[in-house]
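J.: Make the full structure from the sequences, and use the hints.
Note that my numbering has the sequence shown beginning at 150, numbered continuously upward.
Keep in mind the hints are simulated off the structure, nothing from the lab. Here the structure is a predicted model, which is why all the values come from computation and not from measurement. Backbone N, C-alpha and C define an ideal beta-carbon position, used for all residues, glycine too. The reader is advised that the hints may include incorrect statements.
[Said to hold, decoys possible] Within a straight-line C-alpha distance of at most 20 Å, the following computed DMTMM-like cross-link-like pairs (lysine to aspartate or glutamate) qualify:
#1 K152 to D202
#2 K271 to E300
#3 K354 to E328
#4 K321 to D292
#5 K156 to D188
#6 K349 to E395
#7 K221 to D292
#8 K226 to E164
#9 K155 to E204
#10 K267 to D325
#11 K267 to E204
#12 K349 to D299
#13 K321 to E204
#14 K214 to D286
#15 K321 to D299
#16 K214 to E157
#17 K190 to E220
#18 K271 to D325
#19 K321 to D286
#20 K156 to E300
#21 K354 to D307
#22 K326 to D307
#23 K221 to E157
#24 K226 to D286
#25 K152 to D200
#26 K226 to E204
#27 K272 to D299
#28 K321 to D392
#29 K156 to D233
#30 K330 to E395
#31 K272 to E300
#32 K221 to E300
#33 K354 to D397
#34 K380 to E395
#35 K272 to E328
#36 K205 to D169
#37 K330 to D233
[Said to hold, decoys possible] Between beta-carbon pairs, the in silico distance windows are:
#38 R232 to H176: 19 to 29 Å
#39 N352 to H176: 26 to 36 Å
#40 H176 to G228: 36 to 46 Å
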Amino acid sequence: MYKILKKETVAPQVEAMIIDAPYIARHHQAGNFVVLRIDEKGERIPLTIADADSEKGTITLLFQKIGKTTEKLGTLKPGTAIRDIAGPLGHATPILQYGHCVLVGGGIGSATLYPILKALNKKNNRVTVILGARTSDLLVWGDRFKALSDEVLFTTDDGSSGLKGLVTGALKDVMDKSEVKIVIAVGPIRMMQAVAELTKPYNIKTLVSLNPVMVEGTGMCGACRVTVGGKTRFACIEGPEFDAHEVDFHVLADRLEFYREEEQESMKLFKKKKCKRNCKK
Numbered sequence: 150m151y152k153i154l155k156k157e158t159v160a161p162q163v164e165a166m167i168i169d170a171p172y173i174a175r176h177h178q179a180g181n182f183v184v185l186r187i188d189e190k191g192e193r194i195p196l197t198i199a200d201a202d203s204e205k206g207t208i209t210l211l212f213q214k215i216g217k218t219t220e221k222l223g224t225l226k227p228g229t230a231i232r233d234i235a236g237p238l239g240h241a242t243p244i245l246q247y248g249h250c251v252l253v254g255g256g257i258g259s260a261t262l263y264p265i266l267k268a269l270n271k272k273n274n275r276v277t278v279i280l281g282a283r284t285s286d287l288l289v290w291g292d293r294f295k296a297l298s299d300e301v302l303f304t305t306d307d308g309s310s311g312l313k314g315l316v317t318g319a320l321k322d323v324m325d326k327s328e329v330k331i332v333i334a335v336g337p338i339r340m341m342q343a344v345a346e347l348t349k350p351y352n353i354k355t356l357v358s359l360n361p362v363m364v365e366g367t368g369m370c371g372a373c374r375v376t377v378g379g380k381t382r383f384a385c386i387e388g389p390e391f392d393a394h395e396v397d398f399h400v401l402a403d404r405l406e407f408y409r410e411e412e413q414e415s416m417k418l419f420k421k422k423k424c425k426r427n428c429k430k
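T.: Structural data, given as structure tokens:
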């Protein structure tokens, strides 16, 4: 059992949860994730480790309440516990002394970049962070990124914070003005695909962190398979980061839609049961 120590809302429908997990905290590296199960009958879902404190033995997970399991996770309060958390899983982000690095995050995907930023700083890299969202309320951990980055650029679809437009516009400006050595992007599929298409003509090394369907996190089930460079790869054991210029984003998008109907039906049943317990008739 993994005790929840603290929980807070960081954006609409987005929660940050600090959990007592000493082993995971000690062995965590930037880019790692966990697979958790709320209770014995719950499904397993992957969540990136957004932060870790090896001295306190804690990890921080950020999640968006968009399905049955994340909605249920959001109902848990500090002092309660999560049944299983397996991790740290996945390959760590390759952290080298690159020079000028650009991290691009969309929505809640931005949280994945935070430990990567901390690791790149330790190697004395110059880091520009570009965070995008539909509106300012949906920008995640902006102050944290400002505290550690050489430069932070915000973009919003409605212009409520930073530049009005997409992250790709800000990224192009940065690449045109500076010699960027690596770009790491995390966020919605369309955003990551757009970043990959933008950086390719510049011949800039680009990594994307993929989050396909995962069940057990060891590659045995095959649910997390993605197509990279024309070959089948397993995101849970070979990823989650891959060369953005080799990822087949169309196959990835199709696979994420594979269980959409089942997910929607499960969510309906969850809300119905929740209403029976809490709603007044």
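J.: Hint by hint, say whether it matches the structure.
T.: How the hints compare with the structure:
As the CA atoms of K152 and D202 are separated by approximately 15 Å, the hinted pair is consistent with the 20 Å bound. Restraint check: the Cα-Cα separation between K271 and E300 comes to about 16 Å, which is no more than 20 Å; the hinted pair holds. The hinted pair formed by K354 and E328 meets the criterion: a straight-line CA distance of about 12 Å does not exceed 20 Å. The straight-line distance between the Cα atoms of K321 and D292 is roughly 23 Å, outside the 20 Å bound, and the hint therefore fails.
Taking the CA atoms of K156 and D188, the gap is about 18 Å. The hint holds against a cut of 20 Å. Simply put, K349 and E395 have alpha-carbon atoms about 10 Å apart, close enough for the 20 Å limit, and the pair holds. Taking the CA atoms of K221 and D292, the gap is near 28 Å; set against the 20 Å cutoff, the hint is violated. Straight-line distance between C-alpha atoms of K226 and E164 comes to about 11 Å, which keeps the hinted pair within the 20 Å bound.
Between K155 and E204 the CA atoms are separated by roughly 17 Å; this keeps the pair inside 20 Å, and the hint holds. With a CA separation close to 25 Å, the supplied pair K267 and D325 exceeds the 20 Å bound. With a C-alpha separation of about 16 Å, the suggested pairing of K267 with E204 holds against the 20 Å cut-off. The hinted pair formed by K349 and D299 fails the criterion: a straight-line CA distance of about 24 Å is larger than 20 Å.
The straight-line distance between the Cα atoms of K321 and E204 is roughly 40 Å, outside the 20 Å bound, and the hint therefore fails. With a CA separation close to 15 Å, the supplied pair K214 and D286 stays within the 20 Å bound. Distance hint between K321 and D299 is fulfilled; the C-alpha atoms sit about 18 Å from each other, no more than 20 Å. Pair hint K214 plus E157 holds up; C-alpha atoms about 13 Å apart against a cutoff of 20 Å.
Between K190 and E220 the alpha-carbon distance is near 15 Å, which keeps this suggested pair within the 20 Å criterion. The hinted pair formed by K271 and D325 fails the criterion: a straight-line CA distance of about 26 Å is larger than 20 Å. The hinted pair formed by K321 and D286 fails the criterion: a straight-line CA distance of about 24 Å is larger than 20 Å. The suggested pairing of K156 with E300 is violated, with an alpha-carbon distance near 29 Å, which exceeds 20 Å.
Taking the CA atoms of K354 and D307, the gap is near 30 Å; set against the 20 Å cutoff, the hint is violated. The suggested pairing of K326 with D307 is violated, with an alpha-carbon distance near 25 Å, which exceeds 20 Å. Taking the CA atoms of K221 and E157, the gap is near 15 Å; set against the 20 Å cutoff, the hint holds. Proposed proximity of K226 and D286 is contradicted: the alpha carbons are some 23 Å apart, above 20 Å.
Distance check on the hinted pair: K152 and D200 sit about 16 Å apart at the alpha-carbon level, within 20 Å; holds. Pair hint K226 plus E204 does not hold up; C-alpha atoms about 23 Å apart against a cutoff of 20 Å. With a C-alpha separation of about 14 Å, the suggested pair K272 and D299 falls inside the 20 Å cut-off, and the hint holds. About 19 Å separates the Cα atoms of K321 and D392, which keeps this hinted pair within 20 Å; it holds.
For a cut-off of 20 Å, the pair hint linking K156 to D233 stands: about 18 Å separates their Cα positions. This hinted pair checks out: K330 and E395 have alpha carbons roughly 18 Å apart, not beyond 20 Å. Restraint check for K272 and E300: the C-alpha separation of about 17 Å stays at or below 20 Å, so the hint holds. The hinted pair formed by K221 and E300 fails the criterion: a straight-line CA distance of about 37 Å is larger than 20 Å.
A C-alpha spacing of about 17 Å is found between K354 and D397, which places the hinted pair at or below 20 Å, so the restraint holds. Our distance criterion of 20 Å between C-alpha atoms is met by K380 and E395, whose separation comes to about 10 Å. Taking the CA atoms of K272 and E328, the gap is near 18 Å; set against the 20 Å cutoff, the hint holds. Proposed proximity of K205 and D169 is supported: the alpha carbons are some 8 Å apart, at most 20 Å.
In summary, the hint linking K330 to D233 is not supported, as the alpha carbons are separated by about 39 Å, beyond the 20 Å threshold. A hinted range of 19 to 29 Å for the beta carbons of R232 and H176 is consistent with their spacing of about 20 Å. Range check, N352 to H176: Cβ separation about 35 Å, and the 26 to 36 Å hint holds. Taken as a hint, the range 36 to 46 Å is violated for the pair H176 and G228, whose Cβ atoms sit roughly 25 Å apart.
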